[in-house]
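We have chain A already, so just place chain B on it with the hints.
Spelled out, the chains give:
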Amino acid sequence: MKSLARYARIWLACARYSVVRTMMFRADFIMWSLVELFWMGVNLSVIGVVYQHTDSIAGWGPWEMTLLVGSSMLVQRLLMGLFWTNLFEMGRNVRTGHFDFFLAQPGNPLFMVSTRKIDLDGFLNVPVAIGVVAYAAHRLGLEPSPVVIAAYALLILCGLVIHYATLLIFISLVFWVQSAKGIEGGYFGLNEFSRLPREALRGVGAVVLVYLLPVVIVSNVPARTLIHGVEPLNFLWLIAAAAVWLTVAVNLFNRGLRRYASASS
Amino acid sequence: MFASLAKYRHVFLVGVQNNLVYRWNFAIRASFSLVHLGYVFVLWGAAYAGQESIGGFDLRQTLTYFLVVLVLQFFISAMNEDYEVSEDIRNGLINQFLLKPVSYFGYRLTLFASARAISGLLALLPVAIAFPLLAPHLSLPAEGWTWMAAVPALLLSAFIQFTIAYCFGLLTFWFLEIQSFIILSLAVETILGGQVFPLDLLPAWLHELSSYLPYYYMMYFPAALITGRIADPAAVLHGLGLQLFWAVALFAICRLLWTRGLRRHTAVGG
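Sequence order for the protein chains is A and B. Numbers 1 to 265, taken from the working numbering, label the letters of the first sequence in order. Numbers 1001 to 1270, taken from the working numbering, label the letters of the second sequence in order.
To be clear, the hints were calculated from the coordinates, so they are not data collected in a lab. A portion of the hints provided could be inaccurate.
[What the hints assert, rightly or not] Partial pick of chain A residues on the chain B-facing surface, computed with a CB cut under 10 Å:
1. F25
2. M31
3. L37
4. G41
5. V46
6. A58
7. G189
8. E192
9. R195
All residues carry an ideal CB built from backbone N, CA and C; glycine is no exception.
Chain A on its own, in the form it takes in the complex (with noise of 0.2 Å):
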């Protein structure tokens, strides 16, 4: 208990400072808040069109696909303002060996190397993709409980857990391979399918993208959840992936660690 609330104390100050540093570039981080939300606009601008030719997507309508989007947007604008430098710069910082400044900290290497920074433009726009999917559920005509509320949140925790995973794994690489550039390419591009409805896939694709790796359920699960309540199975489907996906990601970025030699790494 002691131990977690140093913890909490270090990201506190870590977050503090992120803050501070992004005061001092103002200009920058409303430019950088309008990129972020440009992008969302431009997820959205899609179902848009696409609804004004179809009514339904794999029996989705527009709203139930807009609050699947805002769901897996939420995801991933948490994902971008916590994680998303912190571990870009640990495949840089691997490479150049850099990395040392953070095993020379009084920590766990993981827990400083992914909380160094917040990025405020990636958090500001998590309010807009809350504010999309509470409209999406108001077009639906949508009630629902603080039991739903509750669990739709901590699935949405779990779907950044799934994600905070997914990016480490593809990272850690950089212990063995010499460039993780493009990594991020492979990222978005998963990513891209959990803005579809998990009926949508067939076949390979479905084994594939909805059972073997969760990019899918991450964004599914959370919007089934807040329209047709919580569903026992899915509920704990996305709470076992994500238990189960950190822990190979942490296993893997250990595993690397080992490896690690400074800068001739």
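Same frame as chain A, but now just chain B:
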């Protein structure tokens, strides 16, 4: 005249060699684009369920459009050119061009041509490998004449893509950090360039409005010509005219920014 061109021929060959060093990066990037294509196929496959056509085109025509856009991105899109121009200004590398009889615009345009030639050819590899899987879902127009019109349209699109990237790079004369401008513009280009949906699916008034913007001619116009989405001769001529206008206008903006930017530029050192 020929002596002047010879300079740029050497630049082109150096560019080819430089880009061949990054051959695996291009091939990997193209492979990741196929993942995006998978998403597009699933989304539009589900949207077409129960209906023959959307916006007057069947599923195979729409999927062909997206495949053509994917391939064209590697042949005509500006990728790092804005950052490279920005770096050259920040690091003072443009100073040498101020002293030599080499046009910086011409130098960068030649490097862009060499980079796209290599990235385009390399992108064809993963597409060729996946082609047996893709072929049953594709359909090209029976009338081939629009392909002829697509040749000047592609050249002008590449030029427009390059000039926009070049202009963003030149903003470094005024701003320390231009990355956010570039990514913001990329978001606008993604929608108004027809990269996430064919622009003819927009409401008519919005489609009409977008056809007067340069983004329309960066990707949608040549892709629509190749896939037969634009097949009316009058519309093709009108489009080529507007595309030429934007190419000239953007070139003029490049010249203006370069001249104005140089007034602010300070060359230090030998």
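A quick look at each hint next to the structure:
| no. | hint | verdict |
| --- | --- | --- |
| 1 | F25 | holds (8 Å) |
| 2 | M31 | holds (4 Å) |
| 3 | L37 | holds (9 Å) |
| 4 | G41 | holds (7 Å) |
| 5 | V46 | holds (5 Å) |
| 6 | A58 | holds (4 Å) |
| 7 | G189 | holds (4 Å) |
| 8 | E192 | holds (4 Å) |
| 9 | R195 | holds (8 Å) |
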